[in-house]
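Please model the complete structure; the sequences and the hints are all you need to start from.
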Amino acid sequence: MAHIDLGFDEREHPGIRGLTRFRPETAGPLNALAEALLRAPHPTLSPGERELIAAYVSGLNECGFCAASHGATAAAQLPAGESLVEQVRVDPESAPVSGRLRALLRIAAAVQRGGREVTAELVDAARAAGATDLEVHDTVLIAAAFCMYNRYVDGLGAFTPDDPEAYRRSVGLLVRHGYLAG
Numbered sequence: 001m002a003h004i005d006l007g008f009d010e011r012e013h014p015g016i017r018g019l020t021r022f023r024p025e026t027a028g029p030l031n032a033l034a035e036a037l038l039r040a041p042h043p044t045l046s047p048g049e050r051e052l053i054a055a056y057v058s059g060l061n062e063c064g065f066c067a068a069s070h071g072a073t074a075a076a077q078l079p080a081g082e083s084l085v086e087q088v089r090v091d092p093e094s095a096p097v098s099g100r101l102r103a104l105l106r107i108a109a110a111v112q113r114g115g116r117e118v119t120a121e122l123v124d125a126a127r128a129a130g131a132t133d134l135e136v137h138d139t140v141l142i143a144a145a146f147c148m149y150n151r152y153v154d155g156l157g158a159f160t161p162d163d164p165e166a167y168r169r170s171v172g173l174l175v176r177h178g179y180l181a182g
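Sequential numbering of the sequence shown, starting at 1, is according to our numbering.
Derived by calculation from the structure, the hints in this document are not laboratory data.
Where hints are given, some of them may not hold.
Said to hold, decoys possible - Distance windows between CB atoms, simulated:
# : residue 1 : residue 2 : range
1 : S170      : P96       : 42 to 50 Å
2 : R116      : E25       : 30 to 38 Å
3 : H3        : T44       : 36 to 44 Å
4 : D124      : A80       : 37 to 45 Å
In this text, a Cβ means the ideal position worked out from N, Cα and C, and glycines have one as well.
Structural data, given as structure tokens:
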């Protein structure tokens, strides 16, 4: 259970959902940022690819709730589904993704280690693989934001379901209505 009393059964509102329910004043901006980063129209990165970046960074941060929830959301929006998400989680270098996405995942991993880990060489390699400056920008921002979200969830010890099915059940509503639906 969470390190603080949220005032309700956390199993009904696990992870960040419970934390944002506890503090609705901060929920609005946090949910709006997730909506903008992961679901807003984007000229080249699909919602599934952006969710995959969020899931990957969350996995690197060992945030079980965010890795599982964003992994399930990515899987629901990518043709290769759960198999691809798992392959990226285990070894993004051999996962069947485009060279562009692989280069963006390298940048995301660098951000996860520390912002200054993103080098001109990583950015140049991403550009050489076909990434645009907008994609590099958004990858850095997604990775940085998910480091914050992950620390929020884990720092307060939010309840994290063990059953992967719990995450799959919530995906449909999220894919249809987004992060602002509450």
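The hints, checked one at a time:
no. : hint                    : result
1   : S170 to P96: 42 to 50 Å : violated (27 Å)
2   : R116 to E25: 30 to 38 Å : holds (32 Å)
3   : H3 to T44: 36 to 44 Å   : holds (40 Å)
4   : D124 to A80: 37 to 45 Å : violated (28 Å)
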